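Student: Sequence:
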Amino acid sequence: MTSAIKDLYTKEYLEPFTSEFKKCNPSFDTETFYSLVFDDHWSSLELKQRIRHITLSLEKVARSYEETISYLMEIAPKCAGHGYLFFPDYVEVFGFSNWELSIKALKKITPYFTCEFAVRPYIEENPTKMMSILLEWSKDANEHVRRLASEGSRPRLPWAKPLAFLKIDPSPALPILEELKRDESLYVRKSVANHLNDISKDHPKLVLELCQAWKNEHKHTDWIMKHGCRTLLKQGNSEALSLFGFEDNPAIQLLSFQMDQKVSIGDRLSFSFTFENISTSPTKLRIEYKIDYLKKHGKHSKKVFQLTEKTFPTGIHSYQRNHSFIDLSTRIHYRGEHYLSLIINGQVVKHSSFFVS
165 MTSAIKDLYT KEYLEPFTSE FKKCNPSFDT ETFYSLVFDD HWSSLELKQR IRHITLSLEK
225 VARSYEETIS YLMEIAPKCA GHGYLFFPDY VEVFGFSNWE LSIKALKKIT PYFTCEFAVR
285 PYIEENPTKM MSILLEWSKD ANEHVRRLAS EGSRPRLPWA KPLAFLKIDP SPALPILEEL
345 KRDESLYVRK SVANHLNDIS KDHPKLVLEL CQAWKNEHKH TDWIMKHGCR TLLKQGNSEA
405 LSLFGFEDNP AIQLLSFQMD QKVSIGDRLS FSFTFENIST SPTKLRIEYK IDYLKKHGKH
465 SKKVFQLTEK TFPTGIHSYQ RNHSFIDLST RIHYRGEHYL SLIINGQVVK HSSFFVS
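If you count by the numbering used here, then the sequence shown holds residues 165 to 521, one letter each, in order.
None of these hints come from the bench; they were simulated from the model. Just so we're clear, the structure is a prediction, and the values are computed from it rather than from any experiment. By construction, the Cβ of each residue, glycine as well, lies at the ideal position given by its N, Cα and C atoms. Among the hints, a few may not be true.
[As the list claims (entries may be wrong)] Below 27 Å or equal to it, Euclidean Cα-Cα: the simulated BS3-like pairs (lysine-lysine) are:
no.	residue 1	residue 2
1	K369	K354
2	K331	K212
3	K474	K365
4	K212	K369
5	K303	K383
[Stated by the list, open to error] For each label pair, taking beta carbons as the anchor points, the in silico distance ranges come out as:
no.	residue 1	residue 2	range
6	E195	H246	22 to 32 Å
7	L209	S493	43 to 53 Å
8	L172	E264	48 to 58 Å
9	K303	I490	27 to 37 Å
10	K175	K369	50 to 60 Å
11	E300	K369	22 to 32 Å
12	Y351	Q422	51 to 61 Å
13	K463	Y351	30 to 40 Å
14	K369	E195	43 to 53 Å
15	P291	R432	25 to 35 Å
16	F519	E381	21 to 31 Å
Let the hints inform the model, and build the full structure from the sequences given.
Tutor: Below you can see the structure in the form of structure tokens.
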């Protein structure tokens with residue numbers, strides 16, 4: 165995805181921006197801007213580096229920060245999309261000279277560009293003031309502004325520097341999550357769930373207590389809770405499993421388990437199993453499998469995959485799965501011994517090894 169976005173940045177792609185910007189500022193030197201952007205180093209830059217490079221190039225040919233921001237706010241609706249992430253980046257880099265205007269700009273342009281990265285330095289600079297502002301934004305009529313309130317204050321936002329003070333104590337962000345826990349927008353609810361999941365990695369007890377208080381409050385809240393506790397559920401946390409109706413030791417008997425003993429890189433590992441629900445009543449089960457991948461330096465790294473989650477009637481049930489060992493940009497496979505564990509309601513019911521060649 166980042167490669168595809170990176171490759172968007174051509175002169176033709178930027179022409180709508182330069183055209184609109186020049187309407188606001190007739191003295192804007194378009195050709196100088198292009199020459200600064202597409203310099204000798206451009207081809208070697210990755211996505212975030214290209215965004216920052218465009219930001220710095222714009223600053224060199226634009227007027228004052230105040231004028232430039234006013235123009236960016238004006239033309240934002242005509243330049244929406246991932247390719248124009250240098251709009252919020254400009255606020256992030258140069259906006260501290262006019263704090264109030266910059267916060268106004270982030271709120272105004274976030275419906276057109278994602279601003280969760282740009283707002284974080286302002287949160288770090290003045291946590292008390294910014295958390296108060298974000299709480300107000302969580303009540304805004306625009307879903308993008310409401311989402312920014314949650315997404316911008318996530319303690320562990322991917323691709324961003326962690327907000328250390330919120331990792332230590334997430335309580336300043338909790339009023340924002342409370343405000344958004346019933347939000348009608350799925351876009352917002354996903355952010356709230358991800359925010360909860362971030363918190364659960366440092367404060368699992370707090371998240372479980374919060375979810376216990378929220379339980380059955382609203383269908384949107386229940387959805388947020390479930391997705392927000394996904395890491396705890398994958399870890400087999402007994403309190404999290406119980407919260408969502410999964411028994412610690414269900415009356416389950418594993419009848420058979422078959423798995424390929426070898427798989428080549430680029431192929432699929434096949435495994436199947438049969439179990440019996442020996443309870444006298446239907447039982448809610450969360451069935452997962454964990455693979456311990458052999459890494460480059462001989463250690464193993466685990467990854468949990470969900471097979472199914474539903475209520476099983478009394479009786480015998482069978483499953484079969486083919487797991488891909490095709491190399492991806494996010495996962496490179498290495499030859500050697502790997503392990504697969506079958507997990508039901510957080511409990512390992514089968515653990516076997518296999519060889520990747």
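Student: When you take the CB atoms of K369 and E195, is the distance between them in 43 to 53 Å?
Tutor: The hinted range 43 to 53 Å is violated for K369 and E195, with Cβ atoms some 59 Å apart.
Student: Should the hint that L209 and S493 are 43 to 53 Å apart at their CB atoms be regarded as holding?
Tutor: Check failed, 18 Å falls outside 43 to 53 Å.
Student: Is the straight-line distance between the alpha-carbon of K331 and that of K212 27 Å or less?
Tutor: Given pair K331, K212 holds - Cα atoms ~24 Å apart, limit 27 Å.
Student: Is the distance from the Cβ of P291 to the Cβ of R432 consistent with 25 to 35 Å?
Tutor: Roughly 49 Å apart at Cβ, these two residues miss the hinted range, so it is violated.
Student: Is it true that the C-beta distance of K175 to K369 lies inside 50 to 60 Å, as the hint says?
Tutor: Once the Cβ atoms are compared, 54 Å apart, the range 50 to 60 Å for K369 and K175 holds.
Student: A range of 22 to 32 Å was offered for this pair. Does it hold for the Cβ distance of E300 and K369?
Tutor: Cβ of E300 to Cβ of K369: about 29 Å, so the range 22 to 32 Å holds.
Student: Please check whether Y351 and Q422 have a Cβ separation lying inside 51 to 61 Å.
Tutor: violated, 43 Å
Student: Against the 27 Å threshold, does the CA-CA distance of K212 and K369 hold or violate the hint?
Tutor: violated, 35 Å
Student: Is the straight-line distance between the alpha-carbon of K303 and that of K383 27 Å or less?
Tutor: holds, 20 Å
Student: Tell me if the beta carbons of K303 and I490 are separated by a distance inside 27 to 37 Å.
Tutor: Distance hint for K303, I490 is violated at roughly 46 Å.
Student: Looking only at beta-carbon atoms, does the pair E195, H246 fall within the given range of 22 to 32 Å?
Tutor: Because 25 Å falls inside the window, the suggested range holds.
Student: If you draw a straight line from the CA of K474 to the CA of K365, is it 27 Å or shorter?
Tutor: holds, 26 Å
Figure legend: structure checked against the earlier numbered hints; hints not met, in rising order: 4, 7, 8, 9, 12, 14, 15 and 16.
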